[in-house]
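Student: These protein sequences, in sequence, are chains B and C. Note that my numbering has the first sequence beginning at 1, numbered continuously upward. Note that my numbering has the second sequence beginning at 1001, numbered continuously upward.
The set of hints was computed from the structure by calculation and includes no laboratory data. Treat each hint with caution, since some may be false.
[Stated by the list, open to error] Output of the computed footprint for chain C on chain B, the stretches with three or more beta carbons under 8 Å from beta carbons of chain C:
1) 34 to 44
2) 151 to 162
3) 165 to 178
4) 322 to 329
5) 357 to 369
Fair warning: this is a prediction, and the values are worked out from it, not measured in the lab. Backbone N, C-alpha and C fix where the C-beta goes; we use that ideal spot for every residue, glycine too.
For reference, the chains in residue letters:
There are 2 protein chains.
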Amino acid sequence: MTANNRPENDLTAAASPRNLRIAIAGLGTVGTGVLHLLETNRAIVAARAGCDIDVVAVSARERHKDRGVDISACAWEDDMTALAARDDVDVVVELVGGSDGPALALSRAALDGGKGFVTANKAMIAHHGMELAERAEATNAPMRFEAAVAGGIPVVKGLREGASANALAKVYGILNGTCNYVLSKMEATGADFDDTLEEAKKLGYAEADPTFDVEGIDAAHKLSILSAIAFGARIDFDAVHVTGISRVRAADIAQADALGFVIRLIAQADVEHADGSGVGDALLQRVRPCLVARGHPLAAIDGPTNAVVAEGNYSGRLLFQGAGAGDGPTASAVVADLIDIARAFRSGGGASREAEAPFSIPVAQLTPMRAAEPGNRMERTYLRFTVRDRPGVLAEITAAMRDADVSIESLIQQGRKRDGGEVLVAIATHEGPEANVRRALDLLEGSDSLTGEPLVLPILPN
Amino acid sequence: MTANNRPENDLTAAASPRNLRIAIAGLGTVGTGVLHLLETNRAIVAARAGCDIDVVAVSARERHKDRGVDISACAWEDDMTALAARDDVDVVVELVGGSDGPALALSRAALDGGKGFVTANKAMIAHHGMELAERAEATNAPMRFEAAVAGGIPVVKGLREGASANALAKVYGILNGTCNYVLSKMEATGADFDDTLEEAKKLGYAEADPTFDVEGIDAAHKLSILSAIAFGARIDFDAVHVTGISRVRAADIAQADALGFVIRLIAQADVEHADGSGVGDALLQRVRPCLVARGHPLAAIDGPTNAVVAEGNYSGRLLFQGAGAGDGPTASAVVADLIDIARAFRSGGGASREAEAPFSIPVAQLTPMRAAEPGNRMERTYLRFTVRDRPGVLAEITAAMRDADVSIESLIQQGRKRDGGEVLVAIATHEGPEANVRRALDLLEGSDSLTGEPLVLPILPN
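So here's chain B without its partners, still in its complex pose:
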């Protein structure tokens, strides 16, 4: 890596190839991964970018830490926001994390100064993506965030550009590697949630505090970003309905298996088109553990892999699959963004060129979609009750289903008693309005036949 100390921003001369000069804030695993990649793949990156990509400045918490890469040729800034003020920097790469605080301050400063901007920060984009994109559009700064969704999988580009000719009916997928690791591991071993999560922590597949992952927040961040790109909607993270995986038991996975399903944490967004124009007016975003039929492409996704399905009205079903996290895959996405920016700089006469809108459509033209009511959809549902082992319990449950117009497709009462005489009843329903299931549960509310809150999981359509 060589520093490049040309003083002024002379990108306007399109004909003369020049380096793209970047600054990196944050040298954790991803930041270090980016440095590694730029060093290892230097020739390839230069050939594809049309110029070298040079790291001219960095900022991180600890200056003198052995990261296995030489940063001695890079300028150092103690205050990361100062990276945005440097005249020798074309693009600021934010790899600090956190939705607010220093990361947000740096991002604003970079974009307001017209610098190119690349980030892997899903929480920040989910919460402040609209504001940041507006700043980018105001100063004509290129802004990219491929690494914020699904790690190394180029799914932001895939939807934003690859599927751009389509009205997308829905986008859904497996967006959290920790949850997918835990669920597919539970499936393979028969172990319960807590034990599997502990093991995942030991193996580095889960953070010490895994709340954001296992409660679905991380997947919700990513989903809200994908929704904006897929549907031309404003990001609306607060409208995502989120249920995590911590209530899924080994017994649920076993019942699902008996019914021909696996359980996966599915992030799904779809739009309601009131007028059939292809422009949606209501958006439903949900992160939920779902039963996925074997044979569905998402059922085969094991371990920390991510996958995204998009259904376009011309493309049909597209699937993008790969590593959803990790320093290498995330660095791959960050540098792909840098190469895109370098190509545009080179080919369009540098900063004089109009940058593409970060969400493909300018923020002012994105649709502020209202949040759709979840209860309106038709779904098949899996319900699991824990009940007392006494006569009449099944009759009580099935009567509630009948009275709420819920049609039962299959029912398994687990013969083996659990501790304390508790018995499991698992039901898969035919397709019907979600609201009916809710009504059936209301009818059973307070029944002393039930020993705990029922678990309700949707069955993903094929």
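Fit chain C to the supplied structure of chain B, relying on the hints for placement.
Tutor: Just chain C, lined up with the frame of chain B:
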């Protein structure tokens, strides 16, 4: 669709949004699909392109044919090459097909005239892609061909841009929907090749003359294009080793199944890096029916679906999956290319902007890689012999294996006699040099124990 008759090419005014004016040559299923898409998704396409995309002129064999779309507002050219000469056309879309002849003449004329150029023509790109890209670079014309590979799957973009930061070790996948339909159908029904192919013709999954598909030529066209993009190599279609699926029998699929595999036509390219720099110097491109272990993502690809796997040194394994053919998916890819071109025109000041090189790296900088020798690789192999039902045959075959240093992992001799006393022997080998298998077959050459030429299929590594 409205015609737009502004006379001169006034794309240089970046600030004023303007329509992108296209001409379409060829109104078969794909051409008609593009017209449909542009009509149905007009609002979405305009929002993402930043301007309307208007079809101002068309050319096809029959002028007055009911295509279900209104082309009365479009100018008509009897001679398709005349489309390239029209001042009111910004981009020519070639959907005629054929590697030479009128399609090639039109493409040359469009690019030499500095028009944008979009094609779905894999045969033409495989044979003349380098020449056409050079013409595009000479006149600074944008040239795109997403639809030429894997239909609606944005895999050209995925490799060219999404995986651009990576040294790719190999790219492989299922690139021909007809073959995949036939093989997965044979698997599901137990029927033999000829019957299944006849059925595929009736259902529209195979052409009346399916030679190009079943003999692997179509997949080879696509593979040669993917290789160029993945490895920064010059296209070298003639170097692709091609074996089709016509020799695969129902019995092979059954044996593979017994061994834990399915059979798929796999197109695969990989490079040998002599110096470890990530820049390859020898390229091996092969299209072959392979045994694919259940559990491998490609084993689950059924019917006419396509899928491409790319393995990057940072991204890890990426998979792109979707519909590999059909009017809708192909139109989706064609219009995505048009939207890309429209964005660049709009944002970069129209034709004054330097267009990106069609293969991402200018043709002059692509590596002319030598064709690697296939015999050098280590592989597991499946061998199927048809033999006479008499003593000593197994001893003869296994002795040849031993003498050629081929290690047998499993062997199945099919007990049930086939017509004429013919017996099947299927062998899966341990990993070893391909050349040894070839040597074992040479040792058996001319043996009158064998009643037909052995079938040799590689086993795809996991």
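Student: Each of the hints needs a verdict: does it hold here or not?
Tutor: Verification of the supplied hints:
Chain C is given as covering the region 34 to 44 of chain B, and this holds because 5 residues of the stretch bring a CB closer than 8 Å to a CB of that chain, at least three being needed. Counting residues of the region 151 to 162 of chain B whose CB lies closer than 8 Å to any CB of chain C gives 7, so the stated coverage by that chain holds, three being the minimum. Against chain C, the region 165 to 178 of chain B contributes 3 residues with a C-beta closer than 8 Å to a partner C-beta. That satisfies the three-residue criterion, and the hint holds. Counting residues of the region 322 to 329 of chain B whose CB lies closer than 8 Å to any CB of chain C gives 5, which reaches the minimum of 3, so the coverage claim holds.
Counting residues of the region 357 to 369 of chain B whose C-beta sits closer than 8 Å to any C-beta of chain C gives 3, which meets the bar of three, so the coverage hint holds.
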